[in-house]
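2 protein chains.
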Amino acid sequence: MRALVLGDAAPSVTDVPAPTREPGEALVRMRVAGVCDTDLQLMRGYMGFRGVPGHEFVGEVVESEDPHWTGRRVVADINAGCGTCDECRAHGGHHCPHRSVLGILDRAGAFAERFTVPERCLVAVPPAVSDDAAVFAEPLAAALHVLDTFDAASRPSRAVVLGDGKLGLLIVRALAGEGIPTSLVGRHEKKLALARKVAGVETHLEADAPASLQAAPLVVEATGSEAGLARALSLVAPRGTVVLKTTVAQKLNVDLAPLVINEVRLVGSRCGDLQRAIDVLAAGRVDPLPLVETRYPLARADEALAHAGKKGALKVLVDG
Amino acid sequence: MRALVLGDAAPSVTDVPAPTREPGEALVRMRVAGVCDTDLQLMRGYMGFRGVPGHEFVGEVVESEDPHWTGRRVVADINAGCGTCDECRAHGGHHCPHRSVLGILDRAGAFAERFTVPERCLVAVPPAVSDDAAVFAEPLAAALHVLDTFDAASRPSRAVVLGDGKLGLLIVRALAGEGIPTSLVGRHEKKLALARKVAGVETHLEADAPASLQAAPLVVEATGSEAGLARALSLVAPRGTVVLKTTVAQKLNVDLAPLVINEVRLVGSRCGDLQRAIDVLAAGRVDPLPLVETRYPLARADEALAHAGKKGALKVLVDG
Numbered sequence: 006m007r008a009l010v011l012g013d014a015a016p017s018v019t020d021v022p023a024p025t026r027e028p029g030e031a032l033v034r035m036r037v038a039g040v041c042d043t044d045l046q047l048m049r050g051y052m053g054f055r056g057v058p059g060h061e062f063v064g065e066v067v068e069s070e071d072p073h074w075t076g077r078r079v080v081a082d083i084n085a086g087c088g089t090c091d092e093c094r095a096h097g098g099h100h101c102p103h104r105s106v107l108g109i110l111d112r113a114g115a116f117a118e119r120f121t122v123p124e125r126c127l128v129a130v131p132p133a134v135s136d137d138a139a140v141f142a143e144p145l146a147a148a149l150h151v152l153d154t155f156d157a158a159s160r161p162s163r164a165v166v167l168g169d170g171k172l173g174l175l176i177v178r179a180l181a182g183e184g185i186p187t188s189l190v191g192r193h194e195k196k197l198a199l200a201r202k203v204a205g206v207e208t209h210l211e212a213d214a215p216a217s218l219q220a221a222p223l224v225v226e227a228t229g230s231e232a233g234l235a236r237a238l239s240l241v242a243p244r245g246t247v248v249l250k251t252t253v254a255q256k257l258n259v260d261l262a263p264l265v266i267n268e269v270r271l272v273g274s275r276c277g278d279l280q281r282a283i284d285v286l287a288a289g290r291v292d293p294l295p296l297v298e299t300r301y302p303l304a305r306a307d308e309a310l311a312h313a314g315k316k317g318a319l320k321v322l323v324d325g
Numbered sequence: 006m007r008a009l010v011l012g013d014a015a016p017s018v019t020d021v022p023a024p025t026r027e028p029g030e031a032l033v034r035m036r037v038a039g040v041c042d043t044d045l046q047l048m049r050g051y052m053g054f055r056g057v058p059g060h061e062f063v064g065e066v067v068e069s070e071d072p073h074w075t076g077r078r079v080v081a082d083i084n085a086g087c088g089t090c091d092e093c094r095a096h097g098g099h100h101c102p103h104r105s106v107l108g109i110l111d112r113a114g115a116f117a118e119r120f121t122v123p124e125r126c127l128v129a130v131p132p133a134v135s136d137d138a139a140v141f142a143e144p145l146a147a148a149l150h151v152l153d154t155f156d157a158a159s160r161p162s163r164a165v166v167l168g169d170g171k172l173g174l175l176i177v178r179a180l181a182g183e184g185i186p187t188s189l190v191g192r193h194e195k196k197l198a199l200a201r202k203v204a205g206v207e208t209h210l211e212a213d214a215p216a217s218l219q220a221a222p223l224v225v226e227a228t229g230s231e232a233g234l235a236r237a238l239s240l241v242a243p244r245g246t247v248v249l250k251t252t253v254a255q256k257l258n259v260d261l262a263p264l265v266i267n268e269v270r271l272v273g274s275r276c277g278d279l280q281r282a283i284d285v286l287a288a289g290r291v292d293p294l295p296l297v298e299t300r301y302p303l304a305r306a307d308e309a310l311a312h313a314g315k316k317g318a319l320k321v322l323v324d325g
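Just so you know, the protein sequences line up as chains A and B, in that order.
So the first sequence is numbered by my numbering: it starts at 6 and just counts up by one.
So the second sequence is numbered by my numbering: it starts at 6 and just counts up by one.
A couple of the hints might just be wrong.
[To be verified] A few chain B residues that don't get close to chain A, going by computed Cβ distances all over 12 Å:
1. Thr25
2. Val67
3. Pro72
4. Gly76
5. His209
[Stated by the list, open to error] Distance windows between CB atoms, simulated:
6. A:Ala95 <-> B:Ile266: 49 to 59 Å
7. A:Glu207 <-> B:Arg305: 55 to 65 Å
8. B:Val21 <-> A:His193: 49 to 59 Å
9. A:Ala204 <-> B:Gly314: 55 to 65 Å
10. B:Cys87 <-> A:Pro186: 25 to 35 Å
11. A:Glu194 <-> B:Glu207: 55 to 65 Å
12. A:Glu194 <-> B:Thr25: 50 to 60 Å
Because the hints were derived from the structure by calculation, they are not lab data.
C-beta: ideal position from N, C-alpha, C; glycine also.
Hey, can you work out the whole structure from these sequences and the hints?
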């Protein structure tokens, strides 16, 4: 079958052996997959990944252990925990020490005609959610996961999001969808204009960000840059929260004294709940479709990656 | 009056004008003061402080606006907020943007015969608490403040404290006093032996720390070193909490990817509640007296600072 493969050479679409479904797994035919910045990082050597990348997808189950799944349109949690350890049983597979991660760690991903995922990771996609919306379920789940960093008692009165990349644009939708007035600080007028269309969102170019943004109870760092954290710490209020979404491959050179002096909480935040994302999409509370930049067929998935790597690019989709 | 003064030259005890009590303030005669590592940092230029340092003390009120205070033995919250802003009214003065801080920021400190503090910062010391115990109220409050980083629902099953300095030794007492089994990792067998005398505390030399310490739900970083944070991140469990107590004057060079991948909370923690500290001392739940290394009269407070700066020194007291 055809798949995009990362290895020593440049990414290329090539023929690879079709995957074998293991017990408890579903064999999935890819319908649409999305390119994430993590894919670009994997391409540059992050995690030492070799093989088929791709973890944002909507697909159709072609073979499964539980016949209930066969023929259904699905998305999936990318963290395939062992399912049996204390961590998996108490909290699911997101932090299972033995987990594989679709297209990122020890598991071939979705830029392929077919791939496998554990059935316990599957989430059904209702008819109301289109393929192009459903393919956002994974990054939207990650964006909605920002809401898990506070409870009703500590709900922030406003939020600042740093970074107008694909994830930042979903995070402002997640926060504004929750009724939290949100300011987005970014570098691309085109993307900021897109964000401003969402009710409850105001935007600022980084160079023009006003002093009124300071003392924010919640700041989300989604710039993917080394400077982002220091900027977040300069904007957050005493006793406030900075949510760190981006992993920077290199070490940061950062002054953390403000974190101690102002008693700030810095919270790392990664993957979220796919079912919640699908529910939010089905309810029409977040519309991700304006984020689609362009699409390529699987046969040209290498070009899709190259396109996604262009400065300022939004979501690039790959059709199965 | 006599006071220790930090300026361009080496710290020295000299004659300075007696302080004038402003409205709302109490004039306090110092009975005992303690040397904190922050004093040593101020000596090296931290905060650009000039004047009389000293923020750990027990004293006697010699003159006050409210006659209730006169003659009473007191400690005080070192953060003198304006008392009128929203922050002060909602949360007290710890994060008031206009605050002065005793012996640290815009307010002469306790290494003096007399000094002033706002009366709203005073906490009375009951007879059951000796001067030598009461002088620990400020650092003990900071240690007990670690307990504010979790609630009953997220109470950690165990804790690891990094750093066997004066603060680390109080933090293990605070945690163990709360019934949380605590492992202290340090570099000085003498200090570790002291910590081991506290019920519920086990200790390890840094070089011999066992793998079983890993995956701790709570890690407190109190080493005061640049390497401490990376070590804390390597020991904390997924979704766990690292409490950062030490401010390192220089920028840190740190890989924060584990914080995101493991969804760790990094919580800055500074000053605590003096009344709580006095209550804990009065109830005998924490005994700080084994931490006293030696004492000097105020006339030799410069020697007290020098002594406190020696490698491995514990608490050095100054008698008024």
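Against the structure, the hints come out as follows:
With a cut of 12 Å on Cβ distances, threonine 25 of chain B stays outside the contact zone with chain A, its closest approach being about 29 Å. Look at valine 67 of chain B: its CB is around 32 Å from the nearest CB on chain A, clear of 12 Å, so calling it non-interface holds up. Every CB of chain A lies more than 12 Å from the CB of proline 72 of chain B, the least distance being 35 Å, so the non-interface label holds. Listed as a non-interface residue, glycine 76 of chain B keeps its Cβ farther than 12 Å from every Cβ of chain A; the least gap is roughly 35 Å.
Every C-beta of chain A lies more than 12 Å from that of histidine 209 of chain B, the closest at about 23 Å, which supports listing it as non-interface. Our hint of 49 to 59 Å for alanine 95 of chain A and isoleucine 266 of chain B is violated, since their Cβ atoms are close to 19 Å apart. In this structure the hint that glutamate 207 of chain A and arginine 305 of chain B lie 55 to 65 Å apart at CB holds, the actual value being about 60 Å. Between valine 21 of chain B and histidine 193 of chain A, the C-beta spacing of about 58 Å keeps the proposed range 49 to 59 Å intact.
Taking the beta carbon of each, alanine 204 of chain A and glycine 314 of chain B are about 58 Å apart, inside 55 to 65 Å as hinted. The supplied range of 25 to 35 Å is met by cysteine 87 of chain B and proline 186 of chain A, whose beta-carbon atoms lie about 28 Å from each other. Restraint check, glutamate 194 of chain A to glutamate 207 of chain B: a C-beta distance of roughly 58 Å satisfies the suggested window 55 to 65 Å. Restraint check, glutamate 194 of chain A to threonine 25 of chain B: a C-beta distance of roughly 57 Å satisfies the suggested window 50 to 60 Å.
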